[in-house]
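Chemist: For reference, the chains in residue letters:
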Amino acid sequence: MTSEPSVVEVTLESDLKNLEVAEEIVRRVAGTAGFGEESEHQIEMAVHESMINAIWHGNKNDASKRVWLRFEIYKDRLEIRIRDQGIGFNINDVPNPCSGENLLKVSGRGIFLIRTFMDEFHVKYLPGSGTEVTLVKRIDPAHQPKQGGTDREHESHNSTS
Amino acid sequence: MSMKATIRQVDSVVVVDISGRITLGEGCAQLRELIRDQLTKGNKRVLLNLADVTYIDSSGIGELVSAYTAVSNQGGQLKLLNLTKKVHDLLQITKLYTVFDIHDDEAKAISSFQKP
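Going down the list, the protein sequences come from chains S and U.
With the numbering used here, letter number 158 in the first sequence gets 158, and the count goes up by one each step, no holes.
With the numbering used here, letter number 107 in the second sequence gets 1107, and the count goes up by one each step, no holes.
Read the hints as simulated data drawn from the structure, not as lab findings.
Because the structure is a prediction, the values reported are computed rather than measured.
One or more of the hints may lead you astray.
To be verified - Okay, derived cross-link-like pairs now, EDC-like style, lysine to aspartate or glutamate, Cα gap no bigger than 20 Å in a straight line: (1) S:K65 <-> S:E132; (2) U:K1086 <-> U:D1104; (3) U:K1041 <-> U:D1052; (4) U:K1004 <-> S:E20; (5) U:K1115 <-> U:D1089; (6) U:K1086 <-> S:D93; (7) U:K1086 <-> U:D1105; (8) S:K60 <-> U:E1026; (9) U:K1095 <-> S:E101; (10) U:K1115 <-> U:D1101; (11) S:K124 <-> S:D76; (12) U:K1004 <-> U:D1017; (13) S:K105 <-> U:D1104; (14) U:K1085 <-> S:E38; (15) U:K1086 <-> S:E132; (16) U:K1086 <-> U:D1052; (17) U:K1085 <-> S:E40; (18) S:K75 <-> S:E101; (19) S:K65 <-> S:E101; (20) U:K1086 <-> S:E24; (21) U:K1086 <-> S:E37; (22) S:K17 <-> U:E1026; (23) U:K1085 <-> U:D1052; (24) S:K75 <-> S:E37; (25) S:K105 <-> U:E1033; (26) S:K105 <-> U:D1105; (27) S:K60 <-> S:E20; (28) U:K1108 <-> U:E1026; (29) U:K1085 <-> S:E101; (30) S:K105 <-> S:D93; (31) U:K1086 <-> S:E101; (32) S:K75 <-> S:E20; (33) S:K60 <-> S:E101; (34) U:K1086 <-> S:E20; (35) U:K1115 <-> U:D1011.
Chain S on its own, in the form it takes in the complex:
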């Protein structure tokens, strides 16, 4: 038997000032889903980094564009979809920020943190409507943070650079 998820949907202007708005919503949703404080912070950071990617890279900091957030709370997991109006990116082009030559680079850690903090991370380019990332966190009291992602990641579907 599958139960319908509880759904929260928000549309935000593509503006960095809305990061804190999104974080507040995430905290409430994650609390409702039953995550502990540490997992809640990890989800908050993953959404924060995804929002930055959406606003900064996807929508090119154009405040006339929008970012859509959709939270689906299932019994065993929280699924979060974040969609922008950009043309997507190829996740395979994102270098490992922990490798020696990248360690002292100023940028390039956002995707790495998302993959570390979430159980699944998908990127999908939707022709004509933007790029959607999906973040999944399983609801497990014994959940421990991963170090740098695992084989549970399912990388991009139809992603594009």
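Please build the complex by placing chain U on the supplied structure of chain S, with the hints as guidance.
Modeler: Relative to the frame of chain S, chain U by itself:
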């Protein structure tokens, strides 16, 4: 809550007490400006006290790296003091924990700087 920074001089070391958020935008820009300002004044021994940092994102971590590199390139030293668990964990995850000289005792941190 945006970032706030208070600067004090202890011996030859500039101690920067940072509170709030070091995130993309204002927080990162403030930190960048602050480090640039100190280097312009010739202050090359900098201790960032992060005890009251409530939130840091990937851009904030990048800004710490940038500050470290900028000070090091001028022949100075930048160290970190009093990491919160969240900041500590992020530096561990990103493998930067071994890059920075990190302290949890201010007096010991001050005495660890090379004398001018």
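Chemist: A separate judgement is required for each hint: does it hold in the structure or not?
Modeler: Hints versus structure:
Only pairs whose Cα atoms come within 20 Å are accepted, and S:K65 paired with S:E132 is accepted, the gap being roughly 14 Å. The hinted pair formed by U:K1086 and U:D1104 meets the criterion: a straight-line CA distance of about 15 Å does not exceed 20 Å. For the given pair, U:K1041 sits about 26 Å from U:D1052 by alpha-carbon distance, which is inconsistent with the 20 Å threshold. Under the criterion of a C-alpha separation no larger than 20 Å, the hint pairing U:K1004 with S:E20 is consistent with the structure, at around 17 Å.
As the CA atoms of U:K1115 and U:D1089 are separated by approximately 31 Å, the hinted pair breaks the 20 Å bound. Restraint check: the Cα-Cα separation between U:K1086 and S:D93 comes to about 28 Å, which exceeds 20 Å; the hinted pair is violated. Restraint check: the Cα-Cα separation between U:K1086 and U:D1105 comes to about 18 Å, which is no more than 20 Å; the hinted pair holds. In summary, the hint linking S:K60 to U:E1026 is supported, as the alpha carbons are separated by about 18 Å, within the 20 Å threshold.
With a C-alpha separation of about 12 Å, the suggested pairing of U:K1095 with S:E101 holds against the 20 Å cut-off. Between U:K1115 and U:D1101 the CA atoms are separated by roughly 16 Å; this keeps the pair inside 20 Å, and the hint holds. Our distance criterion of 20 Å between C-alpha atoms is broken by S:K124 and S:D76, whose separation comes to about 23 Å. Taking the CA atoms of U:K1004 and U:D1017, the gap is about 8 Å. The hint holds against a cut of 20 Å.
Between the alpha carbons of S:K105 and U:D1104 the distance comes to roughly 26 Å, so the proposed pair goes past 20 Å and is violated. Annotation: proposed proximity of U:K1085 to S:E38 holds, straight-line Cα distance about 10 Å (limit 20 Å). The hinted pair formed by U:K1086 and S:E132 fails the criterion: a straight-line CA distance of about 28 Å is larger than 20 Å. As the CA atoms of U:K1086 and U:D1052 are separated by approximately 11 Å, the hinted pair is consistent with the 20 Å bound.
Proximity of U:K1085 to S:E40 is assessed by CA-CA distance (about 14 Å); at most 20 Å being required, the pair is judged to hold. For the hint pairing S:K75 with S:E101, the CA-to-CA distance comes to about 42 Å; that exceeds 20 Å, so the pair is violated. For the suggested pair S:K65 and S:E101, the alpha carbons sit about 35 Å apart, so the restraint of at most 20 Å is broken. Using a Cα cut-off of 20 Å, the hinted pair U:K1086 and S:E24 holds, with the two alpha carbons roughly 18 Å apart.
In summary, the hint linking U:K1086 to S:E37 is supported, as the alpha carbons are separated by about 11 Å, within the 20 Å threshold. Distance check on the hinted pair: S:K17 and U:E1026 sit about 10 Å apart at the alpha-carbon level, within 20 Å; holds. With a C-alpha separation of about 11 Å, the suggested pairing of U:K1085 with U:D1052 holds against the 20 Å cut-off. Between the alpha carbons of S:K75 and S:E37 the distance comes to roughly 18 Å, so the proposed pair stays at or under 20 Å and holds.
Pair hint S:K105 plus U:E1033 holds up; C-alpha atoms about 18 Å apart against a cutoff of 20 Å. Taking the CA atoms of S:K105 and U:D1105, the gap is near 28 Å; set against the 20 Å cutoff, the hint is violated. The hinted pair formed by S:K60 and S:E20 meets the criterion: a straight-line CA distance of about 19 Å does not exceed 20 Å. Using a Cα cut-off of 20 Å, the hinted pair U:K1108 and U:E1026 is violated, with the two alpha carbons roughly 31 Å apart.
Between U:K1085 and S:E101, the direct Cα distance comes to roughly 27 Å. Violation of the 20 Å bound is thereby established for this hinted pair. The suggested pairing of S:K105 with S:D93 holds, with an alpha-carbon distance near 16 Å, which does not exceed 20 Å. Restraint check for U:K1086 and S:E101: the C-alpha separation of about 25 Å exceeds 20 Å, so the hint is violated. A hinted pair counts as satisfied when its Cα atoms are at most 20 Å apart, and S:K75 with S:E20 does not qualify at roughly 27 Å.
With a CA separation close to 27 Å, the supplied pair S:K60 and S:E101 exceeds the 20 Å bound. With a C-alpha separation of about 18 Å, the suggested pair U:K1086 and S:E20 falls inside the 20 Å cut-off, and the hint holds. Between U:K1115 and U:D1011, the direct Cα distance comes to roughly 9 Å. Compliance with the 20 Å bound is thereby established for this hinted pair.
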